[in-house]
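S.K.: Here is how the chains run, residue by residue.
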Amino acid sequence: MRIALAATCIADTMFPGAPRATVRLLERLGHEVVFPRAQACCGQMHVNTGYFDEAVPVVRNHVETFAPVADGEWDAVVIPSGSCTGSVRHQQAMVCRRAGLDELAATAEAVAAKTYELSELLVDVLGVTDVGAWFPHRVTYHPTCHSLRMLHVGDRPLRLLRAVEDIDLVELPAAESCCGFGGTFALKNADTSAAMLADKTAHVRATGAAVVTAGDMSCLMHIGGGLSRQRAGVGTLHLAEILASTRAEPTALPPARRAATEVAR
Amino acid sequence: MTDARTEVLSRVGAALGRPGSGTTPAGKVGAAPRDVVVPRGYRAAGEHVAGSPEVLEQLVDRLVDYKAHVQQVAEADLPATVARLVRGLSAGRAVVVAPHGIDPGWLAGLGDEVAVREDSPASPLPATELDAVDAVLTAARVACSETGTIVLDGQPDQGRRAISLVPDVHVCVVRTAQVVQTVPEAVRLLGAHPERPLTWISGPSATSDIELDRVEGVHGPRTLHVLLVG
Amino acid sequence: MSRTFLGLPRRLSRPDDGAPPAGADGSSEQPFGPVPHPQAPLRWGDAFPVAAHRTLQDAQLRRNLGHATQVIRAKRAAVVDEVPDWEALRDAGSALKERVMAELPELLQRLEENVTARGGVVHWARDAAEANRIVTEIARAKGADEVVKVKSMATQEIGLNEHLAAEGIAAIETDLAELIVQLADDMPSHILVPAIHRNRTEIRDIFLARMGDAPPDLSDVPRELAMAARAHLRRKFLSAKVAVSGANFGVASTGTLAVVESEGNGRMCLTLPETLVTVMGIEKLVPDFEDLEVFMQLLPRSSTGERMNPYTSLWTGVTPGDGPSEFHLVLLDNGRTDVLADEVGRAALHCIRCSACLNVCPVYERVGGHAYGSVYPGPIGAILTPQLTASTGGVSGHGDVNAALPYASTLCGACYEVCPVKIDIPSILVDLRAREVDADRSRNGVDPWAAAMKAASWVMSDGGRFGLAGRAATLAHGLGGRDGVISVAPPPASAWTRTRDLPAPPSQTFRQWWAKEHETPRTPEEER
Ligand code: SF4
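Residue numbers (the working numbering), protein chains in the order written: chain S, 1 to 265; chain E, 266 to 495; chain U, 496 to 1023.
No lab work stands behind these hints: they were computed from the structure. Even for Gly, the Cβ is constructed at its ideal location relative to N, Cα and C. One should not assume that every hint holds.
As the list claims (entries may be wrong) - Listed below are the simulated DSBU-like cross-link pairs for lysine-lysine, each with C-alpha atoms no more than 35 Å apart in a straight line:
| # | chain 1 | residue 1 | chain 2 | residue 2 |
| --- | --- | --- | --- | --- |
| 1 | U | K570 | U | K1011 |
| 2 | U | K731 | U | K949 |
| 3 | E | K332 | U | K570 |
| 4 | U | K1011 | S | K188 |
| 5 | U | K1011 | E | K293 |
| 6 | E | K293 | U | K949 |
| 7 | U | K637 | U | K570 |
| 8 | U | K731 | E | K332 |
| 9 | U | K736 | U | K637 |
| 10 | E | K332 | U | K917 |
| 11 | U | K917 | U | K949 |
| 12 | U | K1011 | U | K917 |
| 13 | U | K736 | E | K332 |
| 14 | S | K188 | U | K731 |
| 15 | U | K1011 | S | K114 |
| 16 | E | K293 | S | K188 |
| 17 | U | K736 | S | K114 |
| 18 | U | K949 | S | K188 |
| 19 | S | K114 | U | K731 |
Said to hold, decoys possible - Restraint-style ranges between C-beta atoms, simulated for each label pair:
| # | chain 1 | residue 1 | chain 2 | residue 2 | range |
| --- | --- | --- | --- | --- | --- |
| 20 | U | Q565 | S | R247 | 37 to 45 Å |
| 21 | U | A636 | E | G282 | 38 to 46 Å |
| 22 | E | K332 | S | A259 | 25 to 33 Å |
| 23 | U | H972 | S | E171 | 32 to 40 Å |
| 24 | S | A67 | U | H548 | 25 to 33 Å |
All chains, please: the whole structure from these sequences, using the hints.
M.R.: See the structure below:
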């Protein structure tokens, strides 16, 4: 298959490991990955903050960049993010319509119909759950809100993780409760966000996992930021980074800040 | 100044974008809504027929879950069962209130130990007197097994709403043929007389207002006996 | 602000129950406790972030709410899962409510006709003041100085109790949780269980301090507390002349009204007094009697997590010889038509007040209901309150405290998932944010958020510009120091770094890596 990658703005600039792993994984599975360079962002941040007018050029850029998928130039678009996929599916056309851009909205819908979040692409489109990965560490999985409730990816990520060789996958308590990120919510309602994060990190730490993984770098940035501040000794990896890991080319454990005393021991 | 009715209705019209309606208080005129077709894909009836063993079993299960007392009684044993339930309620002579249209046979087993007060819309017992009686005996209109609900519709065998409310013990006779499985079956049956005052009863009164902990028995009858007959 | 015993505010306007007012010894100068009684029940206290900052400090509140919401979530999930056609019921409920809104003028008039034909009197109220006036006049005409009340959000919303008190009429709340809130002179913090923020020990203490006839050896066992309330209210039920209720549903085609409850206090109020006054928002209609078959399945399972609530009363006008001989229905607008005028926001009027969205909301669970500054807290409050107050600020009012409500959510979607009538709360929240932003566009002055969003829009709408920005960010890679982490940052990022680290940007963006690994070297012309 020819698959176009939408890397997401945050991963492109801040967490390149996730899209890199997506490329490695899909190529290992025998697919061709394309990265259309005109891409930038899906527009979600602008939409969710209420800046619909400002979102329009961002959405237009995304839709026009990926429009070839609608004409069959690529077979699918993959996004290693539940919330960005959600934005493509549920927000882009709405924003275009509100701006009176019905034609763009129709293109957006056509692109969205062929756009998949990574676990959806693997399980539903490519039909694999065992991707031949090897990751010999204790891992817990946080199902991010948008993957869970906007996309309904269900247990697809867990099925993929369970098939990873030598993984010690442990259940995260209260997994389905939000980590408190919510984009600008983390800044506008920092206290509430921090209270939610405190519960999430406590649950992550209770699992004894070395790594918490998810399908969204933004939520992982939030959870990881809390774990790092607490020097919890738990790192974050995107789902793709675990699935890309093999014996030949293992993904290293992410750096995880530990309390000074622990380091000294 | 226009009257409130005219104004509220014209605001509603404005909100729905109907011509000639002015605006809402915030000065808005809304867009006309689209036409709506209501999808009725839900179950209109259950898989079991009214009064079937499955339905009865489910009703009992639900009622017990609500902490109601349920027994299946043969028609012939009903008077004795009623008597047994009511007799012990008072140290002295128990008093039971019954609506004027109740089947007199149901009371036939009570004997001298129990006093029966009849209540009717024409000669209603005052609430304070109802507060002093030990129990009430009524029939029912319909019951729904999936939710464990019994519905009273105020007919002469069920009486005024107050009589099944104020006494602390409610003995309710439900005929097995009256038990349907689903809410839609019950509602459609009640829909024949929507104007009747309806009381849906699902167990004794209860509250979850303290830490969402369920406590049975608050203002309504604290004890509900359901006698399934037939 | 000085706090009285238990943090209870001094009593203001409660019925006489023989207990001495708290703070009567003069120890409390401040008439209000942690929850000031609002003049406006839809807008009180500080804006959400400030109020939430305060309530988050209350460890007891967090524990009480955490426990209660967990219990109710599990109950709800269990009874919803056993319904095979739950999604079909939700679809029907959602469409029915949409139909009600579309046909509201006709349905309201049909309801009015039917109620009138059955001996009821229908009143219309444009706003809270008008509704309060109507209820007061009815109580006055009956010579009542006391009315018994069934829990009702509509009467909370209009501040009926406070209004009646000012007119010398005591309104007695008979729902257990409402009674607790009323005795404590507190404000409700939940639309179904208004005292959810109190635990059993606090409730025992409130009863002992304020109920007058509470047994002195009262324990904190919920059953005993409920029995104390039963004894306390029975006398009131048997003697009340006038009752005031809300309504869960009004059936247009028959004029039938429904009250869904648990304790029997509703039946008492709806049945025993001679006069019944029901205050109902104009959106509470259903078209036909049979439509109750949908809502009577959706509501109980969503709200208390029961297959069916213990009692539901349905009545149509006046039934001679059974129940009140006089029935008044007050149809209330109070901002609803403003909500209805919004194509997206009008779905907030579909709400059947089940409270499921509050119970699953991770924000509500942490901050509690009082932080929302409205009798409608939680996710539904965040979309309903600012719209209801649109004509007095709200979403169109710059600087109005209610304008912060649409931001009181992470958009996690838990509310939408449980809502029995499928109100897409996250989308409405986003829409309200957009309206707020758009309203601000015409104002002068520089908003740092707006400026940042504009700049970001320019950068993020072009791959070339975005690539350059990413490359520029890599220059900050060194900021992270040895462990690659930024722990202190200037505002507004300081709101983040107060409790969270921020990773430093990587030394190479993804697209730089891609260019190196996957692309043949380009000519300078191609490389934009
Ligand atoms: S918005 Fe939906 S979930 Fe929330 S209270 Fe209303 S009906 Fe219930």
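S.K.: For every hint, state whether the structure bears it out.
M.R.: Evaluated hints:
1. Distance hint between U:K570 and U:K1011 is unfulfilled; the C-alpha atoms sit about 55 Å from each other, more than 35 Å.
2. Restraint check for U:K731 and U:K949: the C-alpha separation of about 62 Å exceeds 35 Å, so the hint is violated.
3. Of the pairs offered as hints, the one joining E:K332 and U:K570 holds, with about 17 Å between alpha carbons and a cut-off of 35 Å not exceeded.
4. Of the supplied pair hints, the one linking U:K1011 and S:K188 is violated, its CA atoms being roughly 39 Å apart against a limit of 35 Å.
5. Only pairs whose Cα atoms come within 35 Å are accepted, and U:K1011 paired with E:K293 is rejected, the gap being roughly 56 Å.
6. Simply put, E:K293 and U:K949 have alpha-carbon atoms about 29 Å apart, close enough for the 35 Å limit, and the pair holds.
7. At roughly 43 Å between alpha-carbon atoms, U:K637 and U:K570 are farther apart than 35 Å, so this suggested pair is violated.
8. At roughly 27 Å between alpha-carbon atoms, U:K731 and E:K332 fall within 35 Å of each other, so this suggested pair holds.
9. Annotation: proposed proximity of U:K736 to U:K637 holds, straight-line Cα distance about 8 Å (limit 35 Å).
10. As the CA atoms of E:K332 and U:K917 are separated by approximately 32 Å, the hinted pair is consistent with the 35 Å bound.
11. Among the hinted pairs, U:K917 with U:K949 is consistent with the structure: their alpha-carbon atoms are about 34 Å apart, no more than 35 Å.
12. Between U:K1011 and U:K917, the direct Cα distance comes to roughly 48 Å. Violation of the 35 Å bound is thereby established for this hinted pair.
13. For a cut-off of 35 Å, the pair hint linking U:K736 to E:K332 stands: about 33 Å separates their Cα positions.
14. The suggested pairing of S:K188 with U:K731 is violated, with an alpha-carbon distance near 48 Å, which exceeds 35 Å.
15. In summary, the hint linking U:K1011 to S:K114 is supported, as the alpha carbons are separated by about 28 Å, within the 35 Å threshold.
16. Distance check on the hinted pair: E:K293 and S:K188 sit about 30 Å apart at the alpha-carbon level, within 35 Å; holds.
17. As the CA atoms of U:K736 and S:K114 are separated by approximately 66 Å, the hinted pair breaks the 35 Å bound.
18. Among the hinted pairs, U:K949 with S:K188 is consistent with the structure: their alpha-carbon atoms are about 18 Å apart, no more than 35 Å.
19. At most 35 Å may separate the alpha-carbon atoms for a hinted pair to count; S:K114 and U:K731 exceed this at roughly 65 Å.
20. At about 42 Å, the CB distance of U:Q565 to S:R247 agrees with the hint of 37 to 45 Å.
21. For the pair U:A636 and E:G282, the beta carbons lie near 39 Å from each other, so the given range of 38 to 46 Å is met.
22. Our hint of 25 to 33 Å for E:K332 and S:A259 is violated, since their Cβ atoms are close to 52 Å apart.
23. The hinted range of 32 to 40 Å is satisfied by U:H972 and S:E171, whose Cβ atoms lie roughly 36 Å apart.
24. Checked against the hint of 25 to 33 Å, the pair S:A67 and U:H548 fails, with Cβ atoms roughly 46 Å apart.
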